[in-house]
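Produce the complete structure using the sequences and hints provided.
For the protein sequence lines, the chains are F and B, in the order given. So the first sequence is numbered by my numbering: it starts at 1434 and just counts up by one. So the second sequence is numbered by my numbering: it starts at 1434 and just counts up by one.
For chains that are exact copies, the list does not tell them apart, and a pair is met inside one copy or across any two.
Dumping the calculated DSSO-like pairs for lysine-lysine here, alpha-carbon to alpha-carbon at most 30 Å:
#1 K1505 with K1458
#2 K1505 with K1573
#3 K1579 with K1567
#4 K1579 with K1458
#5 K1458 with K1578
#6 K1573 with K1458
These are calculated hints, taken from the structure and not from any lab test. Just so it is clear, the structure is predicted and the values come from calculations on it, not from any experiment.
This is what each chain is made of:
Protein chains: 2
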Amino acid sequence: MSNDVQFASRRTIEQVEEGTELAPKFDEHGLIPCVTTAANSGEVLMLGYMNDEALKRTITTGEAHYWSRSRKVLWHKGATSGLVQRVVELRIDDDQDAVWLRVEIPGDASCHVGYRSCFYRSIPMGGDSMHALKFEESEKAFDPKKVYGDAPNPTQL
Amino acid sequence: MSNDVQFASRRTIEQVEEGTELAPKFDEHGLIPCVTTAANSGEVLMLGYMNDEALKRTITTGEAHYWSRSRKVLWHKGATSGLVQRVVELRIDDDQDAVWLRVEIPGDASCHVGYRSCFYRSIPMGGDSMHALKFEESEKAFDPKKVYGDAPNPTQL
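And the structure:
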């Protein structure tokens, strides 16, 4: 089904910026970054990456697909945890090298660490602080051990 | 002043995910992606990139700095257009390889094409459409020719 989606070639700046042709630019790894926000709150949940196939499957199925850079596989978000992301809206930016996905999630949680958003810590501003991160979510939305079991942690040092 | 900000080394997954040390991961180009949203509306304005110095200057000055990948220079957003982004909040994600910046902007516009958000077009969903992009902003917030003059367009094909 994802064969039904065709991407245009990138010919001119005007075509890419002001036109209506979908002509995404994938980076040297074949990926395009995707900002995913909660449709109800506007909160940024995660920054993921899509390859050609993940973007096409997201468009055709209405469920978020990414490329897992740590596992190196097409990643249907929620296939393990049940926290599938239903697409409310998909946008693309001016030069078509980034997409913005607005989603609804059952349970309203997205992060593999167990928090609602992956961005659960803030960085204090100013020139003279110690910049200790501050937790902005007071508790986890789910227990990652129960949801993921012994699956390897995707975080890479 | 940006020398006042020190980044920690990345030692363990627990330290990076559950700790309070700021230990950002820059990619092979020395960059970390930054999602920038409007603090008042939650709208995603742009996806930019910061190098070490841009992230430190953003923290110390409270104004968004990026690395311009097209011009290959440190980029104090708004230095040309006047559309400086004042930082309301800066967050970092679970594995500390992406940041989320919530900003206020005079004039409420961010995109070099003249629109409020860089994400001014949506991609229609479904498997059998032509996927012509749909404009979600009806008019430009400013005239880029007046603001940028003859400066080269940053979009790369």
